[in-house]
Structure formats: C-alpha cells, structure tokens
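Enquirer: Here are the chains, one letter per residue:
There are 2 protein chains.
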Amino acid sequence: MKWLQKLFSTASDSLTTDLIPILGFTPKNIALYHQAFCHRSVDFSKYGDNERLEFLGDSILSTVITEYLYHNLPEKDEGVLTDIRSKIVRRKTLNDLAKKLGIDVFVKTNLGIKTPPSIYGNAFEALIAAIYLDKGAAICKAFIIDKMIKPHFTLNDLENEISSYKKHFLHWAQKNNRNHLFKVVDETGASHKKNFEIALFLDGENIATGTGTSKKKAEEAAAKFACESLDL
Amino acid sequence: MKWLQKLFSTASDSLTTDLIPILGFTPKNIALYHQAFCHRSVDFSKYGDNERLEFLGDSILSTVITEYLYHNLPEKDEGVLTDIRSKIVRRKTLNDLAKKLGIDVFVKTNLGIKTPPSIYGNAFEALIAAIYLDKGAAICKAFIIDKMIKPHFTLNDLENEISSYKKHFLHWAQKNNRNHLFKVVDETGASHKKNFEIALFLDGENIATGTGTSKKKAEEAAAKFACESLDL
Numbered sequence: 001m002k003w004l005q006k007l008f009s010t011a012s013d014s015l016t017t018d019l020i021p022i023l024g025f026t027p028k029n030i031a032l033y034h035q036a037f038c039h040r041s042v043d044f045s046k047y048g049d050n051e052r053l054e055f056l057g058d059s060i061l062s063t064v065i066t067e068y069l070y071h072n073l074p075e076k077d078e079g080v081l082t083d084i085r086s087k088i089v090r091r092k093t094l095n096d097l098a099k100k101l102g103i104d105v106f107v108k109t110n111l112g113i114k115t116p117p118s119i120y121g122n123a124f125e126a127l128i129a130a131i132y133l134d135k136g137a138a139i140c141k142a143f144i145i146d147k148m149i150k151p152h153f154t155l156n157d158l159e160n161e162i163s164s165y166k167k168h169f170l171h172w173a174q175k176n177n178r179n180h181l182f183k184v185v186d187e188t189g190a191s192h193k194k195n196f197e198i199a200l201f202l203d204g205e206n207i208a209t210g211t212g213t214s215k216k217k218a219e220e221a222a223a224k225f226a227c228e229s230l231d232l
Numbered sequence: 001m002k003w004l005q006k007l008f009s010t011a012s013d014s015l016t017t018d019l020i021p022i023l024g025f026t027p028k029n030i031a032l033y034h035q036a037f038c039h040r041s042v043d044f045s046k047y048g049d050n051e052r053l054e055f056l057g058d059s060i061l062s063t064v065i066t067e068y069l070y071h072n073l074p075e076k077d078e079g080v081l082t083d084i085r086s087k088i089v090r091r092k093t094l095n096d097l098a099k100k101l102g103i104d105v106f107v108k109t110n111l112g113i114k115t116p117p118s119i120y121g122n123a124f125e126a127l128i129a130a131i132y133l134d135k136g137a138a139i140c141k142a143f144i145i146d147k148m149i150k151p152h153f154t155l156n157d158l159e160n161e162i163s164s165y166k167k168h169f170l171h172w173a174q175k176n177n178r179n180h181l182f183k184v185v186d187e188t189g190a191s192h193k194k195n196f197e198i199a200l201f202l203d204g205e206n207i208a209t210g211t212g213t214s215k216k217k218a219e220e221a222a223a224k225f226a227c228e229s230l231d232l
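Residue numbers (the numbering used here), protein chains in the order written: chain A, 1 to 232; chain B, 1 to 232.
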C-alpha cells in the first residue's frame, strides 16, 4: 500500500491546488488528504476510507485545543476549561466548521442527499490527522490555532456563554421582577474537602438544587438546572 | 507566579533526585512536578493543586496512545483501536500504573487513609503534563511509550482480551457442550451502507442480539452481550 500512496502523492493532483488556500501550505502526500475526504460508503476507493484518520484526528484536535485553553486561560479551573473545550469540539460545531472552511465540497460519499452533516465534521477531523501525518505536529497545531480557533471562536464569548448561568438567571430574575434566593441546605466533608448543596428558591418555591466543592460551584450548578427547567 | 516557580526550579530539591530513575531524565522545572503531585485537599500549597495539569495530561496521554495504536496496529479498524485505548487509559489502569511506577509515594493529600486510589491515577496524568511543559512533546511522548506502554502493555493481549467475545463465547459453548447459533434476523441499508442485526441462540433460546455494519461486527456485538449476561 505504501508505495501506491507514494506514487499518488507525487502525481499532479487538482486537490493539491484546491487545498492550498484553505490549508495555507502545500500538501506533500496528497493521498492522505484524499483518504481524509473519503467516507466508507465509497466502494473500492484506492485511498481507503477516513475512519482511522478520524480516530487519530479527533484526539489530536482535542489535545491542541486543550493545550491552547490551558495556556490562554491561566486563571480558569479545569471545569471551565472542560466546558469550553466541549463546546469547540462538539459535533455540530465541527460540521459547521467544515462548511465554513470550505472542505465539505471535497468529501466523497455514496449517500447522495441522505448524507448526514456529521460526515463533514468527521472529514474535518480526518483532515487534521492527514495534516499531522503529512506535515508534522507543529504545522498541524498552527493550522488548528490559526485557521480554526482564532478566526471562529472568541474565548471570552465561549466562557460567558457557558459559565455564567448564575449571571444569566439573575439577569432574568431582575428583569422580570422575581424574588430569588440561593440557600445552603447542606454542607458535608472535612474542611479540606467540603461539599455544598445549595437550593435556589424563586418566589419562595425551591426550583432547583445544585452541589459542588465550593458555594460558587454549587450555586452555578443550581442556576444551570434552573435555567434549563425554566427554558431561559 | 512565574518568577516564584523559576526560583523553586533552580533550588536543590530531593524530588529531583527521586524522580530521575523513574522518569529517565532530569527534571528542569521541579515546581511543575511538585504541583503535579499536589491534590487540592492540601491547603496553601505554594505550587498550586494538580487539577489543571491533570486536565492537560489526560488529553496528551490519550493522543500519544492514539497515535501509537494508529501506527502499530495498521490493519485494525477504529473500533478496535478505540477499545484498546479505553482499556489503557481507564481509571483503574492509571491508578495501578501510578503505583507500579512508584509515583504514589510523592502524592500529597490531606485525606489520610480516606485517599481514594483515583488520586494516584490523576497525579499520573498531571505528571504527564508536567513532563510535557517542562521537557517538550518529544520527551513526553518517549516517556509514555517507553516507560508506560511498552513495559506494561502487550497490544496483542489487549486486543484479544477485548475483541474476541465471539471466540470467548464459542470456547465456553464448546466446553460446556451447549448448542449455539448466530442468525441474521435483519439486513437493512443499500449495498454500500449495510446494517446487520444478528441474534444469538443458545440451546434454541435467543439470548442476545447485536447490530453492526458487517456480519462479523454484529456477531461480535451479540457475543459481547451474551458474555455479559451469562457472566462469562
């Protein structure tokens, strides 16, 4: 197989030309990119399907984002970082990104109009692996940060969007003139490993309860349940 | 904070000496390793706790293993690779590894005899991040492969252990003189995207059903359910 891939990689190929403006560099082993865009529904693809590349790319993408968040949000705890990361790598975001980056047009399937959007997100992950294997870790990391994260995400927005359920709830309660109260209903554990349970009352009624290792975390958890149940 | 970490990193430190035989190299910024071993139950740690490092290390570990499996099992599909990876990175394996590598003795908690084993696995993940930040990606990768994977795991064993439920079931059925039958009960989808449903009968009774994109995968899924329900 390897000599076959090599052969294709040196042959002139329109995919190479098409990819340069998207990637910002010239692909070397173009067979890897063909494979990245090939869904398993395509029979007898000479490049093979993209499932193993997707497995690798998914993990690389997650780690590059993890490291990026670790360095760029030095004051945030791992809970916030986990939330933000899952927002970036969730299926819908990746499907949309594949389209925004314009790689959806390269994806080959045999599913016709039944092609689900997840196929584009999966191909995007496979593309990450193709870049990694073709050009190395540094170029792959630069691609993810410069072409994906920086142009399409604002860490501040992501963080606010996710970690301010309490703020969101308070804003709503104030605007709608509703009484609310966060109340510690239980406190367990020794001083170095506390656990708090906080109930949120709205106009005197207990509408949600949250737990956490700090009062702040328990309040946030309670506010999150409240926002969800009130559909805020 | 950074100048403080630098200061500690240059000071002589017994942890440096203790870690050299385990890591196979000399740590540079020893403050990172102190932090990696410090559970959040320790109050006023000058190094900070290890939760953010654990968040980073967990991801790095997973990606290094993913890449290792991708290259070393070129004929295996992503389902098998996913199974093997989850077996390596599961909590219990990491907890045991921390003890085998002898890093459990460095872990600082304030929980006394109530310290759960997961704290050692978490510290191991945090250590991975400390190595990555201190010595770079190449040395971190080499540590994971040479000190963790190669001495403690055999890919063949992992693969057999996980992906041979059918074999395991057949062995048991033969040994116990039980009749069995795998039977395709449903087949859907166009030729390029088949889905099979296979029922497993034991002495004429349907004891499990599995689905998959090939007969082999559906049989494996059915055998897995059967092994689980029969506690084989």
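Bear in mind the hints are in silico, worked out from the structure with no lab data behind them. A portion of the hints provided could be inaccurate.
Given that identical chains are not distinguished, each listed pair holds provided it fits within a single copy or across any two copies.
[To be verified] Restricting the straight-line Cα-Cα distance to at most 35 angstroms, the calculated cross-link-like pairs of lysine-lysine (DSBU-like) are:
| hint | residue 1 | residue 2 |
| --- | --- | --- |
| 1 | Lys28 | Lys224 |
| 2 | Lys224 | Lys175 |
| 3 | Lys150 | Lys92 |
| 4 | Lys217 | Lys183 |
| 5 | Lys175 | Lys135 |
| 6 | Lys147 | Lys175 |
| 7 | Lys215 | Lys46 |
| 8 | Lys46 | Lys175 |
| 9 | Lys224 | Lys135 |
| 10 | Lys166 | Lys150 |
| 11 | Lys135 | Lys167 |
| 12 | Lys141 | Lys28 |
| 13 | Lys175 | Lys28 |
| 14 | Lys114 | Lys215 |
| 15 | Lys215 | Lys135 |
| 16 | Lys114 | Lys166 |
| 17 | Lys114 | Lys175 |
| 18 | Lys141 | Lys215 |
| 19 | Lys175 | Lys108 |
| 20 | Lys28 | Lys150 |
| 21 | Lys216 | Lys46 |
| 22 | Lys183 | Lys100 |
| 23 | Lys108 | Lys215 |
| 24 | Lys166 | Lys135 |
| 25 | Lys150 | Lys183 |
| 26 | Lys135 | Lys150 |
| 27 | Lys108 | Lys183 |
| 28 | Lys99 | Lys194 |
Enquirer: Take the hints in turn and mark each one as holding or not.
Expert: Status of the hints after comparison with the structure:
{"no.": "1", "hint": "Lys28 to Lys224", "in the structure": "neither (48 angstroms within a copy, 42 angstroms between copies)"}
{"no.": "2", "hint": "Lys224 to Lys175", "in the structure": "within (18 angstroms within a copy, 55 angstroms between copies)"}
{"no.": "3", "hint": "Lys150 to Lys92", "in the structure": "within (18 angstroms within a copy, 37 angstroms between copies)"}
{"no.": "4", "hint": "Lys217 to Lys183", "in the structure": "within (13 angstroms within a copy, 52 angstroms between copies)"}
{"no.": "5", "hint": "Lys175 to Lys135", "in the structure": "neither (53 angstroms within a copy, 52 angstroms between copies)"}
{"no.": "6", "hint": "Lys147 to Lys175", "in the structure": "neither (39 angstroms within a copy, 58 angstroms between copies)"}
{"no.": "7", "hint": "Lys215 to Lys46", "in the structure": "between (58 angstroms within a copy, 23 angstroms between copies)"}
{"no.": "8", "hint": "Lys46 to Lys175", "in the structure": "neither (61 angstroms within a copy, 43 angstroms between copies)"}
{"no.": "9", "hint": "Lys224 to Lys135", "in the structure": "neither (42 angstroms within a copy, 40 angstroms between copies)"}
{"no.": "10", "hint": "Lys166 to Lys150", "in the structure": "within (28 angstroms within a copy, 47 angstroms between copies)"}
{"no.": "11", "hint": "Lys135 to Lys167", "in the structure": "neither (44 angstroms within a copy, 41 angstroms between copies)"}
{"no.": "12", "hint": "Lys141 to Lys28", "in the structure": "both (17 angstroms within a copy, 25 angstroms between copies)"}
{"no.": "13", "hint": "Lys175 to Lys28", "in the structure": "neither (58 angstroms within a copy, 54 angstroms between copies)"}
{"no.": "14", "hint": "Lys114 to Lys215", "in the structure": "between (48 angstroms within a copy, 23 angstroms between copies)"}
{"no.": "15", "hint": "Lys215 to Lys135", "in the structure": "neither (47 angstroms within a copy, 37 angstroms between copies)"}
{"no.": "16", "hint": "Lys114 to Lys166", "in the structure": "between (41 angstroms within a copy, 33 angstroms between copies)"}
{"no.": "17", "hint": "Lys114 to Lys175", "in the structure": "neither (44 angstroms within a copy, 47 angstroms between copies)"}
{"no.": "18", "hint": "Lys141 to Lys215", "in the structure": "neither (38 angstroms within a copy, 39 angstroms between copies)"}
{"no.": "19", "hint": "Lys175 to Lys108", "in the structure": "neither (50 angstroms within a copy, 47 angstroms between copies)"}
{"no.": "20", "hint": "Lys28 to Lys150", "in the structure": "both (25 angstroms within a copy, 32 angstroms between copies)"}
{"no.": "21", "hint": "Lys216 to Lys46", "in the structure": "between (56 angstroms within a copy, 23 angstroms between copies)"}
{"no.": "22", "hint": "Lys183 to Lys100", "in the structure": "neither (45 angstroms within a copy, 45 angstroms between copies)"}
{"no.": "23", "hint": "Lys108 to Lys215", "in the structure": "between (51 angstroms within a copy, 25 angstroms between copies)"}
{"no.": "24", "hint": "Lys166 to Lys135", "in the structure": "neither (44 angstroms within a copy, 40 angstroms between copies)"}
{"no.": "25", "hint": "Lys150 to Lys183", "in the structure": "neither (40 angstroms within a copy, 52 angstroms between copies)"}
{"no.": "26", "hint": "Lys135 to Lys150", "in the structure": "both (21 angstroms within a copy, 27 angstroms between copies)"}
{"no.": "27", "hint": "Lys108 to Lys183", "in the structure": "between (55 angstroms within a copy, 33 angstroms between copies)"}
{"no.": "28", "hint": "Lys99 to Lys194", "in the structure": "between (46 angstroms within a copy, 27 angstroms between copies)"}
Checked against the numbered hints given earlier, the structure breaks hints 1, 5, 6, 8, 9, 11, 13, 15, 17, 18, 19, 22, 24, 25 and satisfies all the rest.
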